[in-house]
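Undergrad: Below are the chains, spelled out letter by letter.
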Amino acid sequence: MHYFISPVLWQFLSKWLSQFPLFPPEASSIAPYADAFFFFLMLISIVGTGIVMVMVITFSIMYRKEKNPEATQIEGSMLLETTWTLIPLALFLICFVWGALLYFRIYTPPTNAMNIYIVGKQWMWKAEHPGGQHEIDALHVPEGRPIALTMISQDVFHSFSIPAFRVKREVIPGRYTTVWFTPTKPGTYHLFCTQYCGTLHSQMIGWVTVMTPGDYQAWLNGSTSGTSLAQNGERLFAALGCNACHSGNATARGPNLAGAYGSRVQLANGSYETMDDAFLRDSILNPSMHVAAGYAPIMPTYQGQVSEEGLIDLVEYIKGLKTNDRVQQTLNTSLVQTSTPAGGQNAPQSAAARSAKAPSHTGTVNQ
Amino acid sequence: MDSQTVIVPQSHAELEHEHSPHLHHHFANMGQQREASNFGMWLFLLTEIMFFGGMFTAYLIYRNWYYPAFVAGSHYMKMWAGTLNTVVLICSSFTMAMGVYSAEMRNRKNLIRYLSLTLILGFVFLGIKAYEWHNEWVEHHVPGLNFSINDFTHVDARYPTDKPLKVDMAEKTQIYFSLYFLLTGVHALHMVVGVSIIIFLIFTAWGGAYTTGHMNLIENFGLYWHFVDIVWIFLFPLLYLISRHQ
Amino acid sequence: MSTSITLPDQQTATLPKRSYLNSEYGLKSWLLTFDHKRIAILYLITTSFFFTIGGSAAALIRLNLLTPGGELVAADTYNKLFSIHGIIMVFFFLVPIAPAVLGNFLIPIMIGARDVAFPRINLLSWYLFVAGGCFELYAIIWGGMDTGWTFTTPLSTHYVNTHVIAAALGIFVAGFSSILTGVNFIVTIHRLRAPGMTWFRLPLFIWSYYATSFIFVLATPVIAIALALIVLERFTGIGVFDPAKGGDPLLFQHLFWFYSHPAVYVMILPGMGVMSEVIACFSRKRVFGYTAVAFSSVAIGVFSFFVWAHHMFIMGISNYSALVFSLMTMLVAVPSAIKIFNWSATMFKGSISFDTPMLYSFSFIGLFTIGGMTGIMLASLGMDIHLTETFFVVAHFHYVMVGGMVSAVMAGLHFWWPKITGRMYPENLGRLSAAILFLGFNLTFFPQFIVGYLGMPRRYHAYPPDFQVLNVLSTAGASVLAIGYLMPAIYLLWSLKYGKVAGANPWNAPGLEWQIQSPPLTENFVETPIVDFEAYDFEWLANQTKSEVQTIG
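Residue numbers (this note's numbering), protein chains in the order written: chain S, 392 to 758; chain A, 313 to 558; chain G, 11 to 563.
In case anyone wonders, no lab produced these hints; they're calculated from the structure.
Don't take each hint at face value.
[Unchecked claim] Simulated pairs of lysine-lysine, DSSO-like, Cα-Cα distance not exceeding 30 Å:
no., chain 1, residue 1, chain 2, residue 2
1, G, K255, S, K512
2, A, K390, G, K359
3, G, K359, S, K458
4, S, K710, S, K456
5, S, K517, G, K255
6, S, K710, S, K517
7, S, K458, G, K255
8, G, K510, S, K456
9, S, K710, G, K255
10, G, K27, G, K507
11, S, K512, S, K576
12, A, K390, A, K475
13, G, K38, G, K27
14, S, K713, S, K576
15, S, K517, S, K576
16, G, K27, G, K510
17, A, K475, G, K27
18, A, K441, G, K255
19, A, K421, A, K390
20, A, K441, A, K475
21, G, K359, S, K456
22, G, K38, G, K507
23, G, K359, G, K38
[As the list claims (entries may be wrong)] Example chain A residues on the side facing chain S (calculated, C-beta under 7 Å, incomplete):
no., residue
24, K478
25, D480
26, L553
27, I554
Each residue gets a CB set at the ideal place from its N, CA and C atoms; glycine is no exception.
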């Protein structure tokens, strides 16, 4: 056969016959729901388009000039027009409600979800598992477990899309966004950046690998980097001197962070905010806007000093912080290490002096 | 012909058509022409409102977020200059209104007089504005080109009760100044356009162009001038008077 | 007395001795004309030029997507191509083509006026349009821009190193052309209607152009300021959209879509106006439910201002604001549905003939319905998550804009071609090209729905090989589509000289524009018409013709 037609065409035809997906795989718990809704939408589209086509074709045949030389003038019909206003309106409202339910479901992660962090940058995806496993342009997830992604971009807008899971969310600079899914079928699936992000936008792709829980555990063990995100965060917490103020002591200059994650915080301006990932990240970068009630606004900004990965480490650390024992422990050790040779004797005071020095350009506040 | 005829000559329109030299061929009469040009001007001002509306939206959002930075930034505005400029513009609106009135009264001398006064006031406004901008440049308050947060992180001698900003909030004063330059810049651009049109109007008014009853141009320009004035009336409190009562 | 409404027999028709086309000669008489009809022709020439540029870019895009590796052009070239395609097609073809060409030519004639309200401003807006186009051409020739037509910040402000400033300024300048055209049309429709031409005697064409003009006036300044901010941010480094300085990059998208979503309706409402005229004429019937169709135009115009954030459902806007915008989007779909049903019902008990404009109208109804229904899918919050930013969206808006608007423009161009030029286009070639366009269009864009649902993202220079078959189909369709566009370009030009002389009213249509000679006189009407009939009053037309026969015979 292929002797008679060009090889290119032959290749094309054989491809056509062998591998030609028309529908993406359903690999997450939400996918069947999204597809059910899609089929409903398709149904009303086909019926709607069908009615219009039937009308146009029937009238074209019945009332063509040759058959019906004289048109009958009709003003309109209130009844008919109301019908075809209200029926589409009702259908569209059904779509609205159904779509809204699905939307809230996709964008509201369950509380028991496992958290994985995603950092997007031109032009790669970095995934960070809580255990400290790092991946680039790939994501390994266990089957049957809800997984929430906390995502942020280092530069421009990106968009994290896994078509097989029917989920997608914009990855924005300067702000965390989240999306969640429960993978249901082991396999590898496409991962795309769908927001145009510059020259190599189309190379910002990768694979999502869904594994059985056993395989996933093996993978975790095999690709661990030695320290978990929280451990990295703890190190950073000490290195940046956060523990000097956020020590949990009664006289501490910063609020206690142990067990605080998820609670409602009253701010100095009287409003309340929930201490979530976004709150923590923004408090580190823009402390002036998140001063807790009862505390002086002395925290310096760490803008430009901590990378997005570092912020994730800190957030993950503070999230898991249940007691202040280790904070105080590291506080003491770090002060012994960093204190000047002359005055190593009174550690807490020198720490206070150091932290007061940090916001030097803000002048003297809070004497 | 029967009553279904579409086209009959319209005698009175034709008559008027011949009479006024200012009537464009496609209008039936002067009234229609005047109404059309006024209506067009109002639509154009609607466009202008949306134009400034975009910037005011940005202003409102950021002011809400970074209120302390906006307060600190506004304290570096020259109050006397802003107040004086407001007075100057209100006066110029008055002289402009008098100009329109003189045109209506067909008083050429007064028209030129009031237009010239408006022109002078326009230049005074632009001069004061230029002085302020120069000052901001000297003080390193021009975001992007010449900016330092130094002023905002220290206690200001003139506002000893003001708390200095932390670095993170002080950085946000750039947003305030960006919007300040954007809003006053676009406003000043409108003033420059207005001033150039006044110069043109004075020259043509000299030849007696608007004192023969045909004064659409003066009238519409008056609307424009008042609009630019009103924009400033919004800009002044939004940019200069934040938190002055404290 | 009624000499000006004679309807010469088409067989014996001759071109009138005096018309707007031969009242003056020379390039200067065109470039300095205040005549709305000549300005419309100027717009037709310039928009066709830009259509060629945008179309060539599209051809290269489709050729590149023939293979998954994207072997034809480099990645940044590809990005420039789709940016050029988007910017040129949206701002320099779709937005001006219907209002500035058909609207300029027809609005004054349809309402019985001699010209638009401000002829000088009309010419000025053409020059502004050309000036904006020159900025764009400069940007393209000196290296292009790769921001996409959406100019997403902070990519456009801090990360790309191409001619973004020139491109943005071009759109800024051309935006003023839109604003002035809008102001001109609104004033014309309000103040220059002929005696007796009440609001509810206006052709539905005028109603939809009225709504379009309001969108021009209210929405365009907002994109102007958004683009001005981009230029300033690139130029001086102010930080209004820069997250590093505390700016909010999403604010840009709010401002951008506040214009660009209403602009989408600028790209479809005039097409709907054309549909009402064409379908009524070729069914020999008044439009079913005139009031509903008229007010649905206004409703679309009003609602269009409250739906912009549906482009941002996945961008981290509040879930509750997403709810509101989704609901508003559902509501804006209803008037479009009403229109589609009313047009179909117009054909009921009509006396239908199938000339080229009518065939294009069928193609409009079919393609626009599909485009609209997929719009509902995208407006449904949960579905949008999967569909947005994929080829599904690309297919959706091409169905609306190319399938809808370009079909409508083709219908309108063929319908009024005899009025504009005085000559008929070749009918059989016209029908053939309408059929080719319909087939080519569906072959090009239907596979994109499927590949979009599979998840292929838009603006991809290279893609996974599993999507190739559908992309090959799409490219094959694009070549058919190209033939469908080339054919009319050739035969319409041919007809300028060799077409059959049309006569004043070749379609035997009742609108005011058909009661004057073709091509019209510079001043349109010898005497100001007095209107005592409603739009689409075929009985009036029949009486008119009868009385003509009586007076002559």
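Undergrad: Identify every previously stated hint that the structure contradicts and give their numbers, smallest first.
TA: 2, 4, 7, 14, 17, 19, 23, 26 and 27
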